[in-house]
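Novice: Here the protein sequences line up with chains A and B, keeping their order.
Its first residue numbered 1, the first sequence is counted upward by one per residue in the working numbering.
Its first residue numbered 1, the second sequence is counted upward by one per residue in the working numbering.
It should be emphasised that the hints constitute simulated quantities derived from the structure, not laboratory data.
Careful: at least some of the hints might be erroneous.
As the list claims (entries may be wrong) - With a Cα cut of at most 20 Å, we get these calculated SDA-like pairs of lysine to any residue:
| id | chain 1 | residue 1 | chain 2 | residue 2 |
| --- | --- | --- | --- | --- |
| 1 | B | Lys93 | A | Asn127 |
| 2 | A | Lys93 | B | Tyr101 |
| 3 | A | Lys93 | A | Gly128 |
| 4 | B | Lys93 | A | Asn107 |
Each chain, letter by letter, is given below.
There are 2 protein chains.
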Amino acid sequence: MRNGPVPDIVVRRLPLYLRTLRQLQRAGYRTVSSEELAQVLGVTAAQIRRDLSYFGRFGKQGYGYPVAALIRELEGVLHLDRLWNVALVGYGKLGQAIAHYGEFEPNGFRITAIFAKSPEHIGQIANGVVVLPATEIERVVREQGIRIGIIAVPPEAAQEVAEKLVAGGVRAILNYAPTVLHVPPEVTVREIDPISALQSMTFYLDDRPSVAGNGQGEQSFADVMERSPVEKRPAAH
Amino acid sequence: MRNGPVPDIVVRRLPLYLRTLRQLQRAGYRTVSSEELAQVLGVTAAQIRRDLSYFGRFGKQGYGYPVAALIRELEGVLHLDRLWNVALVGYGKLGQAIAHYGEFEPNGFRITAIFAKSPEHIGQIANGVVVLPATEIERVVREQGIRIGIIAVPPEAAQEVAEKLVAGGVRAILNYAPTVLHVPPEVTVREIDPISALQSMTFYLDDRPSVAGNGQGEQSFADVMERSPVEKRPAAH
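Kindly produce the complete structure, drawing on both the sequences and the hints.
Specialist: Have a look at this one:
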């Protein structure tokens with residue numbers, strides 16, 4: 001078993017391993033090799049062995065990984081052997097879509113508190129949860145012992161909402177607002193940002209005759225990109 | 001100006017710099033220091049100077065960056081000095097939310113083709129775009145010269161959809177389906193995966209008396225995490 005803290009980049013890959021292992025289990029696999037996992041995930045077997053080596057007893061080469069046991073181990077490490085209550089803040093188009101997203105509960109998360117600012121949304125009911133005014137965030141989050149918050153408010157309101165959530169005890173925030181949240185070091189934040197994701201891909205799209213007009217900098221990028229296609233691929237995750 | 005290919009991790013940060021610069025510009029800034037940018041973005045000034053050094057003329061320390069010129073440069077490098085047509089595949093709850101998401105067009109992307117499988121969705125109109133049958137993907141994408149696709153279909157259908165998009169000419173895919181897509185090296189894929197994001201944060205949430213029951217592996221993680229809070233923070237982006 002490897003020692004030392006687990007790099008966050010490895011932690012981010014664990015849910016993908018778990019998801020893949022569950023798929024393989026449904027497909028009837030009892031053991032799976034790092035090569036098989038690598039093929040499904042589009043990464044190298046070496047990376048999978050390296051990542052799983054943090055878990056000790058599962059890092060052995062040559063033997064297949066026992067699927068069920070590795071699933072249990074990952075569920076334990078990721079604290080997914082329970083259902084987490086989640087607070088959702090924001091009930092506009094995006095918030096409503098999140099509130100009705102069917103994949104949270106099967107994957108360990110249950111939205112048990114929803115908060116909105118506009119009077120038209122307050123009092124509505126989503127999956128049995130009554131939408132409360134944003135002024136109630138800190139109190140309700142504390143009372144329910146909620147540790148996870150989802151922010152789906154306009155960017156200019158996101159920081160204040162984050163501070164209320166943290167004040168109530170939230171330590172993990174999924175941020176859909178296109179703005180950087182400033183939180184204490186004990187709070188983890190992940191962004192869901194389709195715009196930035198799209199804008200970071202157009203960098204690699206360069207099929208315009210007018211490109212040269214954008215100047216030396218870009219031209220040299222285009223050349224470089226042509227020469228090294230591997231650089232055109234994002235990391236698998 | 002720095003030479004060599006730009007690492008994808010840097011490319012992923014460029015849209016965040018652009019977004020922040022636009023905010024600062026709206027706030028009246030004409031120049032901005034790497035320290036000011038760093039503070040807003042929650043990263044180090046050194047990282048910003050390092051990242052921007054790929055762009056040559058903007059990498060100078062000591063002087064503030066000229067906001068308007070840096071915005072233009074980043075827009076050029078990211079190929080955001082145009083409006084990109086986008087194909088959306090999938091028109092269930094998620095697809096409909098994406099189709100009506102208001103932030104795409106102001107940020108350089110216009111959904112000009114929508115495809116669905118279920119007859120109830122085909123023929124519907126979203127923002128003036130008629131939902132077409134998925135059998136039309138390759139033809140329509142090619143005819144419209146679309147290079148960007150958004151996948152919002154069930155995971156088991158995502159790979160086939162990706163192959164149709166790529167066959168039509170798509171080279172950048174935003175994948176909302178919780179599955180790994182296998183695409184040619186010239187195609188860039190970014191995942192939007194709130195479940196994995198949440199599951200990678202619960203790793204850091206460890207407030208249960210029952211935790212020890214999950215065994216040595218996890219216990220030692222918990223210890224390690226307690227000792228090195230810095231490891232609890234994901235990279236800013």
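Novice: So which hints don't hold here, by number, going up?
Specialist: none
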